[in-house]
Structure formats: C-alpha cells, structure tokens
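A.B. asks: Residues per chain are reported as follows:
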Amino acid sequence: MRYLVPLAVFVLLVALLAVGLTLNPREVPSPLIDRPAPAFNLPQLHKPDLAFSTKDMQGQVWLLNVWASWCAACRDEHPLLVELAKQRTVPVIGLNYKDQPDAGKAWLKQFGDPYVLSVADAAGRVGIDYGVYGVPETFVIDRQGVIRYKQIGPVTVRSLDEKILPLVRTLQKQ
Amino acid sequence: MIPEIGQFSLILALTLAFALGTLPLIGAARGVPEWMALARPAAQGQFVFVAIAFGCLAWSFASSDFSVLNVASNSNSSLPLPYRIAATWGSHEGSMLLWVLMLAAWTVAVSVFSRGLPDEMVARVLGVMGLISTGFLLFMLLTSNPFERLLPPAPDGRDLNPLLQDPGMVIHPPMLYMGYVGFSVAFSFAIAALLGGKLDATWARWSRPWTTLAWCFLTCGIALGSWWAYYELGWGGWWFWDPVENASFMPWLLGTALIHSLAVTEKRGAFRSWTVLLAILAFSMSLLGTFLVRSGVLTSVHAFATDPKRGIFILGFLALVIGGSLALFAWRAPRVGLGGAFEVVSRESFLLANNVLLVVAAGAVLLGTLYPLVLDALNLGKISVGPPYFEAVFVPLMALAVFLMGIGPLARWKEASLPELAVRLRWALAVSVVTALIVPAVTGKWSPLVSFGLLLAFWVAATAVLNLRARIGGGGTLITRLRAQPRSYYGMVVAHCGVAVFITGVTLVKGYEVERDLRMAPGDTATVSGYVFRFDGTREVMGPNYRAAQGTVKVSREGGGEVTTLHPEKRVYLVQQNAMTEAAITSSPLRDLYVSLGEPVDGGAWSVRIYYKPFIVWIWGGCAIMALGGLLALSDRRYRGARRREPVPQAAAATRQAAA
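Top line first, the protein sequences correspond to chains A and B. Just so it is clear: in the first sequence, position 30 is 41 by our numbering, and no numbers are missing. Just so it is clear: in the second sequence, position 416 is 422 by our numbering, and no numbers are missing.
Worth flagging that the hints you see were computed from the coordinates, not collected in a lab. There's no promise every hint is true.
Said to hold, decoys possible - Among chain A residues calculated to face chain B with C-beta under 8 Å, some are:
| hint | residue |
| --- | --- |
| 1 | Tyr14 |
| 2 | Pro17 |
| 3 | Leu23 |
| 4 | Leu27 |
| 5 | Gly31 |
| 6 | Leu32 |
| 7 | Leu61 |
| 8 | Ala83 |
| 9 | Ala84 |
| 10 | Leu128 |
| 11 | Ile158 |
| 12 | Tyr160 |
As the list claims (entries may be wrong) - DSSO-like mimics (lysine-lysine), calculated; alpha carbons at most 27 Å apart, straight line:
| hint | chain 1 | residue 1 | chain 2 | residue 2 |
| --- | --- | --- | --- | --- |
| 13 | A | Lys161 | B | Lys315 |
| 14 | B | Lys451 | A | Lys174 |
| 15 | A | Lys120 | A | Lys184 |
| 16 | A | Lys109 | A | Lys184 |
| 17 | B | Lys516 | B | Lys451 |
| 18 | A | Lys184 | A | Lys116 |
Even glycine gets a Cβ: it sits at the ideal position worked out from N, Cα and C.
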C-alpha cells in the first residue's frame, strides 16, 4: 500500500498543474478594478499648453493606454491600436509614461498615432496612481469613470477580441 | 535546403527512437534476441540523425539564414559568430533540440559502454531512453519545430536576448542539460530493473557511474548559472530562488540523495526500493523542471514564449512517463525485499537520515515553487514566494544534513556504537567550535550566524581529516597507505570538502558583504571596506551590436597602493533597444570588488553601485571541488577494470592460473 503513496502524490500534482495551465500567471488582479479611475490633469503631449483631465471623458467609455517610446513591447501592440483607432469603436487616450516629449512625438510619427490625444506623464506620478508596474498597460474605463478592466502587458488580438471589445460594447449599451 | 535536411533528420530520428522504444522492450519481455539486438544500432542511428539536425540548425544560425523563423527571431547579422552559434540553444525550440541531442548522446554512451551488461538489460535501458526521446521528438515536431520557415525571409533578425550574449551563457545550458538529461540513464536503469524484476547490487553498480557523471555536470551547470547571474544581472546576488533555478536545484538535491543511496544498495544491498524511487524521482524532477520552464505555468525571467498547446503536451507526457513509472514502482517494488538489516546507529541509518533530509529539502523547494500556483488554482489569490521562505526552510534542513554528513563516513556499516563515535568525534567537534567562535571575532565583527556557518564548514573539514587519518592508520609507509585507498574514497572526501568550501563562501558573503549605492560625479571618491573607488567619468564606446557608456573607476587601497582600474558599462543593444548593465569585477580568493553603473544623473554624474564581497568565489569554487570529487570517484579503478574484465572472464581466469 505504501508503495502507492508516490503515485497518489503525483496524481494530485498533475491535477494541480493541469489547473495551473488554464490560468495566466501574468494576470495579477488590480485593486483598482471597479473603483473610480484616479483623476488627473496633465499637459497634452502635442499641445503642452493645453491640459487634459479625466473629467473630459465623463459620459464616454474609453481606453487609457500607457506607453513610452523606450518600451519595446509597446511596439508589438501598436499596430493593433492603430487598427482599432481606424474602426472608431472606442476612443483611446495615451499616457506617455516617463518619456521625453520629443522622443514620444517622433515615435508616434514613425509608427502612427492611434490616440485621440496623448498626455505627458514625464514624472510618472499618474502612473503611480494607476498602479502601473510595467509598460504597456491598458485600462477600460466606463461612462461613470470607473475602471472596469486592466490589461497588463501588450494588447493582443485575442485579448482585444475576447475581453476588451466585448466589454466595451456592453459598457457602451449601459 | 539545409533547414529541410535538418527537419527530415528529426523525422528519421523520431522513427528510430520509436523503434528503439518498442522493439527491444518487447524483445526483452518475450525473449527474442534479434529484437533486443536492435537496441544498439537504433540508439546510434538516432544520435547520428539528431546530431545532423542540430548541425543544420547551428549552420542556419552561423550563416544567418533569416528565412528560418527561429533564426530571424533570435539572431542578427551583427551578432558575433560565437553568439550566433550559442543562439542555437537560445530559444525555446533550440533548447529543446539541445535537450534531445543530449539525450541521444547519453543513449549512445550507454550503448557503447555497456559491453559487460546482459543483453536484456541493455535492451530495456536503451528502450526506455528511446521512449523518452520519442516523446521529446514528437513534442518538437508537433509544437515547436525549430526549422519553421519564414516567407518572405526577414531582412535581418531580431537579435539574441542581450542577457544571453555572454560567454557564461554559451556553456551554461549545455552543462545543465547534460546533468538534467543524464539522470535519464539512472532512471532507465531503474525502470529496466523493475521490468526485469532484478533489483540487486549489480544493478546499483551499473547505475552508479552514470549517476555520478550526470551529477557532476549538473553541479557545474548550476554553479555556472549562478556565476552568470552574479556578474551579468548587476545586482551582485548569486542565487535568487527563481522557479527556474529551483527547477535545476531539485534534481540536484535528489541526485545527491541518489548517489548516496546507490552506494548503500551496492555495498549492503539495503534501501533497494528507496533507491529505485529516488532514481525515478530525480529524473521526474528534471522533466517537471522542463515543464515548469517551457509551459509558462510560472512566470520567471527564464520563461520563453508561452503557448498553452506546449504546456498540455508536456503535461500529458509528464503524466505518462512519471505516472507510468510510479505505477510500475507500486506494482513491482513490494516484491523487491528489504536487503541487509542494520541497527539504528549505523552508517546506513546516517545515510538514510541524510537522504530523507535531502528529499524533504527538495520537497520544500518544490512546495515553495508551486505554492503560488496552488493558491491561484484554488482561487485564493496571487502571491509570490520569495527568498525568506526558502532560507527559513532550507537552511535548518541543510544544517542538520551537513552535521550528519560529518558523522556518516566515520560510522561503521550495519552497527556502530554511539559512545565510540562520540569519543572519535569529540576532538573534531571541539576544534570546530573553538575555531568557529574565534575566527569571526578576529577577522571582523562577530555574529551568531557567521559563527554557526563557519562551525558547519569546519566540522565537515575536521571530520574529513579525522576520517582520512583513521583510514590510513596501520602498517606500511604513509605513501603506500595513501595509495592503497581507492579513488572513490578520495572522491568522497574531496566532494565533502567542497561542501565545506561552499558553506564558508556563503557564510562570509552573507555576513560581511558591503553594498553601497552612490551618486558619483567625475572625480568623486568613495571608501568601501578599506578600498578607495575613484570615479573618472564615462565615455561612449561602440561594440559590435551595442553602444555603451563605459565608466572608469580607479581602485586603490586606503593607505595608497593601486589595485586595479575597473570599466563597468551600461550598454544599449541596438536591435532590441535593451539597456544592459555590465558590471566590472575584480576577483581574488579573499574578496571580490564589484562596480556597476546605474543611471546617469546629471552633469556627467552617475548612480554607481559598489559591492565588497568577501570570499564569494569560494561559493563556485566549492561547487567545482564537489564536481571534482565526483570525477575522482568516477576514475576509480573498479569502473575502468569492470568494463575490461567482465567480457572476458575466461581469459582473466587463465591469467590468474598462469600467475599462480
């Protein structure tokens, strides 16, 4: 009987790993989900004398995309955002995080600008409020200004089709 | 064309592996000599084709063939040639191919160095290895083909991860994999013995050299990885309890237990079913490690691109191989019998206790590695388990094991007497306690942990000396008596001394290291542990595929006297635009001085990190000495002799008669 113990332990381990496979280790829940999006008021990247505030988006469903010219993974998701912008389903605001304004603008010129507008968070203060710990990150914010979803890491075709866009559509109907 | 040849070779290798994994096993079960005889040629053919495939991939990398997806994603035309070749195993697909190549190499080695073994045993061992190889070749061909084409070809590649562009990374994976995969030999011997129903001292004797060799490779591989992390990651740490480090460490712990347990089985016939279980578990941990790294179940710095299909395949394979062998174990092991009896106080008991401690330690590491996953699977939230857990659990277990390690070799087989042991050991204990108390007080500030660590190190060294003295007592000159001891004995002593060196290194680094984070403008000086560091600013330098700010730091002793000039760099690799910290280190046996550049601050000033690391090279030196001990044991006469003698028993008998 005791010779069966190793096998029994192993069966449990396999079951655990099988469950583990269906989970995503990178999906760390954000304490911000279902909380009001932290308000901010920042200069726009292209028109530094104009400010943008979260209040400007009140009443709309929108995405906040955290990006930077120094971020390699942003380059991966960028074509998807450009494509999304062409469809005009949902406005995307860019948060240019800890970046040089000139480098940021040059980067958008080179790869295309999918954002309604970008704001410059050179010091990274807003990033702290939003709990950003890796760039890129994308937040879905509803009409009442509540964060409903947070994508950590680059947006992919799958996350866009399965999570973000369906969520945006339901939120827009509310 | 070359990649297609590679792909075709892989397919041929798969068919040969499948033939190897079926016919000889069936032949051994039914007693068909012709089928059993297929094992050796099939094993050798498999190796040839896997080697061709590997050569084709290496060629594609060396010649920068960017029509191969793998090359385009992991190499670049400006990458220097040695790194282009090393990039062959820098990706997920390539590292799997390296895995299979190593497995094929071990299989061939068994097929060549098994002349003295019965045909049935050879057929079973090679057959089991063929089955493992079949699984991995299928995995590659179905989910991770290294030869996939990219049409139209990329104009240039996306470059190798800059972290891997380093000499240490060129040899670390092959060493590590040689160790990982090497345990497949001990595993196959165990399965073959279970299948044949004969678990005896000869089985243990055959398994031993293979296990020791694999263990040596694994020891070196882990040490190299740790050394690489130390100088390349720029944090000055040498072990992070990262899931992937743990994945290589668990097989090492179990392999260490297996080596000792095999010794008991060979010499005393005891622990048979335990030894078989360890052989299965050591390789299972290698497979589990592969699963953890390749499936993306855990996040880790080492994780390559993750793909659920791959995870499911490896998990299924894992369940089949490990589950199958554990079921076989449950079915066959009860009939094995217990072997020689022994008293509570005996060398067997000490070895068993150490074995249990090593297995428990491996279990604790496994638990810590999987715990975040368990919580996640049970929906209890996400956490990560850090070094505090591992240190809290691991250190006491190992301290106990190290203490027993000093006693074990001195105890007699079968029955030892505790009072006698105590008498023999009291001097060793007294010497270690006194030195452990005095040394830290003399050299620096005294702390209980440093003293305790040194106590363990001195204890191991003192008992080794005691043991050697006892062994060479008796008649004859010192030289002849030293000569009379077998190499395997010296191997044991050397490996144990390696542990003492390792513990000394760990203890002193932990106890006395100094870390300073400074803002330094050109001309600024900082004094750390009696050394003066003068920062002379940075200048731009161009590497083959990177741009770097290279700092100049002059190091001198506090009372004057130049030590050296260090050049830490902050590199930006041009293709991936990754910033890399290249630390500058000056090593000596007694201390390392380590300087790395942080970020530029303003006006030519930089944030600079300076470390003083006493005795840190002893950590890797200790590992090297352990591996050396293993090699020494391998060179023992009986392994060389056994191979030559056994095939020709009559001739040997004839010589003996002639001599008489």
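A.B. asks: State for each hint whether it applies.
C.D. replies: Now the hints, each set against the structure:
Interface hint at tyrosine 14 of chain A: satisfied, since its Cβ lies 4 Å from the closest Cβ of chain B, which is below the 8 Å cut-off. With its C-beta approaching chain B no nearer than about 5 Å, proline 17 of chain A sits inside the 8 Å limit, and its interface hint holds. Against a cut-off of 8 Å between C-beta atoms, the interface hint on leucine 23 of chain A is violated, since the closest Cβ of chain B lies about 10 Å away. Because the smallest distance between the Cβ of leucine 27 of chain A and any Cβ of chain B comes to about 6 Å, under 8 Å, the interface hint for this residue holds.
For glycine 31 of chain A, the suggested interface contact is upheld, since its CB lies about 5 Å from the closest CB of chain B, less than 8 Å. For leucine 32 of chain A, the interface hint holds, the least distance from its beta-carbon to any beta-carbon of chain B being 5 Å, beneath 8 Å. Taking 8 Å as the C-beta cut-off, the interface hint given for leucine 61 of chain A is violated, the closest approach to chain B being about 29 Å. A hinted interface residue such as alanine 83 of chain A counts as satisfied when its beta carbon comes closer than 8 Å to some beta carbon of chain B; here the least separation is about 6 Å, so the hint holds.
With a least beta-carbon distance of about 11 Å to chain B, the hint placing alanine 84 of chain A at the interface is violated under the 8 Å criterion. For leucine 128 of chain A, the interface hint is violated, the least distance from its beta-carbon to any beta-carbon of chain B being 25 Å, above 8 Å. Restraint check, isoleucine 158 of chain A versus chain B: the minimum CB separation of about 18 Å is more than 8 Å; hint violated. This hint is violated: tyrosine 160 of chain A has a C-beta 17 Å from the nearest C-beta of chain B, more than the 8 Å allowed.
In summary, the hint linking lysine 161 of chain A to lysine 315 of chain B is supported, as the alpha carbons are separated by about 25 Å, within the 27 Å threshold. Note on lysine 451 of chain B and lysine 174 of chain A: the hinted pairing is violated, with a Cα-Cα distance of about 58 Å set against a maximum of 27 Å. For a cut-off of 27 Å, the pair hint linking lysine 120 of chain A to lysine 184 of chain A is broken: about 34 Å separates their Cα positions. Taking the CA atoms of lysine 109 of chain A and lysine 184 of chain A, the gap is near 35 Å; set against the 27 Å cutoff, the hint is violated.
For a cut-off of 27 Å, the pair hint linking lysine 516 of chain B to lysine 451 of chain B stands: about 13 Å separates their Cα positions. Of the supplied pair hints, the one linking lysine 184 of chain A and lysine 116 of chain A is violated, its CA atoms being roughly 34 Å apart against a limit of 27 Å.
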